[in-house]
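**Student:** Residues per chain, in single letters:
2 protein chains.
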Amino acid sequence: MHEVAVKEGLLAHNDEAAHHNREHFIEHGVYVINIMSAPGAGKTTLLERTVDAFKRDYKVAVIEGDLQTNQDAERIAKHGVPALQINTGGACHLDARMIHDALDHLPLAGLDLLVIENVGNLVCPAEFDLGEHDKVMLLSVTEGHDKPRKYPLMFHVARAMVLNKVDLLPYTDFDVAKATRDAKAYNLDLDVIQVSARTGAGLENWLTWLKARMARVKAR
Amino acid sequence: MHEVAVKEGLLAHNDEAAHHNREHFIEHGVYVINIMSAPGAGKTTLLERTVDAFKRDYKVAVIEGDLQTNQDAERIAKHGVPALQINTGGACHLDARMIHDALDHLPLAGLDLLVIENVGNLVCPAEFDLGEHDKVMLLSVTEGHDKPRKYPLMFHVARAMVLNKVDLLPYTDFDVAKATRDAKAYNLDLDVIQVSARTGAGLENWLTWLKARMARVKAR
Numbered sequence: 001m002h003e004v005a006v007k008e009g010l011l012a013h014n015d016e017a018a019h020h021n022r023e024h025f026i027e028h029g030v031y032v033i034n035i036m037s038a039p040g041a042g043k044t045t046l047l048e049r050t051v052d053a054f055k056r057d058y059k060v061a062v063i064e065g066d067l068q069t070n071q072d073a074e075r076i077a078k079h080g081v082p083a084l085q086i087n088t089g090g091a092c093h094l095d096a097r098m099i100h101d102a103l104d105h106l107p108l109a110g111l112d113l114l115v116i117e118n119v120g121n122l123v124c125p126a127e128f129d130l131g132e133h134d135k136v137m138l139l140s141v142t143e144g145h146d147k148p149r150k151y152p153l154m155f156h157v158a159r160a161m162v163l164n165k166v167d168l169l170p171y172t173d174f175d176v177a178k179a180t181r182d183a184k185a186y187n188l189d190l191d192v193i194q195v196s197a198r199t200g201a202g203l204e205n206w207l208t209w210l211k212a213r214m215a216r217v218k219a220r
Numbered sequence: 001m002h003e004v005a006v007k008e009g010l011l012a013h014n015d016e017a018a019h020h021n022r023e024h025f026i027e028h029g030v031y032v033i034n035i036m037s038a039p040g041a042g043k044t045t046l047l048e049r050t051v052d053a054f055k056r057d058y059k060v061a062v063i064e065g066d067l068q069t070n071q072d073a074e075r076i077a078k079h080g081v082p083a084l085q086i087n088t089g090g091a092c093h094l095d096a097r098m099i100h101d102a103l104d105h106l107p108l109a110g111l112d113l114l115v116i117e118n119v120g121n122l123v124c125p126a127e128f129d130l131g132e133h134d135k136v137m138l139l140s141v142t143e144g145h146d147k148p149r150k151y152p153l154m155f156h157v158a159r160a161m162v163l164n165k166v167d168l169l170p171y172t173d174f175d176v177a178k179a180t181r182d183a184k185a186y187n188l189d190l191d192v193i194q195v196s197a198r199t200g201a202g203l204e205n206w207l208t209w210l211k212a213r214m215a216r217v218k219a220r
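Protein chains in written order, with this note's numbering: chain A, 1 to 220; chain B, 1 to 220.
If you're looking for bench data, these hints aren't it; they were derived computationally from the structure. Quick caveat, the model's predicted, so the values are computed rather than measured. Treat the hints loosely; a few may be bogus.
Note that the list lumps identical chains together, so a pair holds whenever it fits in one copy or between two copies.
To be verified - With a cut-off of at most 25 angstroms between alpha-carbon atoms, the simulated SDA-like pairs for lysine to any residue come out as follows:
| # | residue 1 | residue 2 |
| --- | --- | --- |
| 1 | K218 | E48 |
| 2 | K184 | H24 |
| 3 | K184 | H105 |
| 4 | K218 | H28 |
| 5 | K150 | H13 |
| 6 | K150 | K218 |
| 7 | K59 | W209 |
| 8 | K59 | E27 |
| 9 | K150 | G29 |
Work the whole structure out from these sequences, hints included.
**Tutor:** Shown next as structure tokens:
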């Protein structure tokens, strides 16, 4: 029961902080996504590709969430955009307060896109609104097509499911149609995008999706 | 602090019950919407129109939420579809457990559309997932265009904003463009539909929207 009580307290405070973050994002006209996945699904690699493709035309910044290392922020910083690392000190997800504090060190003015890379985990991150415009869930095909049925909340809250590592599809029994059907059962609006962040296959579809979402923010 | 603690407990239990409801809805292929608005915005009138338009081609049922009367369910039942009243006993919103219990008395098998009419309130209902596919918020133009900025969560969680009583637009200073712009700031995917449930103006746009969302459930 104690764990439940702690979680409930976190959730209530979180919603308030998420609301504040959202107001900041709206005020500055910056489009914000929260990328979530299991560990090793390829979030940082997809982000490196995205930063390289966007940094000439858009002002991009990245917040990296991790238990305790700075490795991911260092990887992103090498690509020439601001990257801020949040160490959760063991917590299995980012929360809105952590993002709120991070914004003190990351000016939003002039920014077009802020990407938040969450802690690798298919459960807790789905429960915490960070104030982002869109949650994006990355599912690598090597993880298996049973994930939507096993982690329904993640697929319910995501706006897009990026199927990563599709270059490995021939070597797995991953059923794209089944994963798509099961995920969409929880989410009538889920967009599904197939990529290989490593080979670059399908990357254009992901970048086009992102640009379309950014345009909705700018259209205001 | 006591009120906060009670609310937190409700929210945690609610998410679990909402998940169960969602699994039931998916299993039976029934599309479920949760209609929310301030008191007197015209939810029941819109529903009467919707039931009349749909009852020949679709199997429709309605769950009515109210503090203590059966009036709304009686109004709907006169239109020849099953209508079940939930009295919240003073609570300002429906929760997922109430819906779960109601399903014992409302067979989902064969149903195409289940409409849940929430308690008239712009705050609490937005916080409680009922397991529905879509939340729909009804804003009558006589309430004023400042509502999205004042009740942001409601507009953040809704899939569609139905602007009702548009026949009265010439007699108010309601700014449709401003209300739309402010609401979409909180929600990149918000669809906006103008109707007069009383005169029937624009009703086709609402019915077309509903049919398109139902089709997404059936497409599975």
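**Student:** Among the hints numbered above, which are violated by the structure, and what are their numbers in rising order?
**Tutor:** 3
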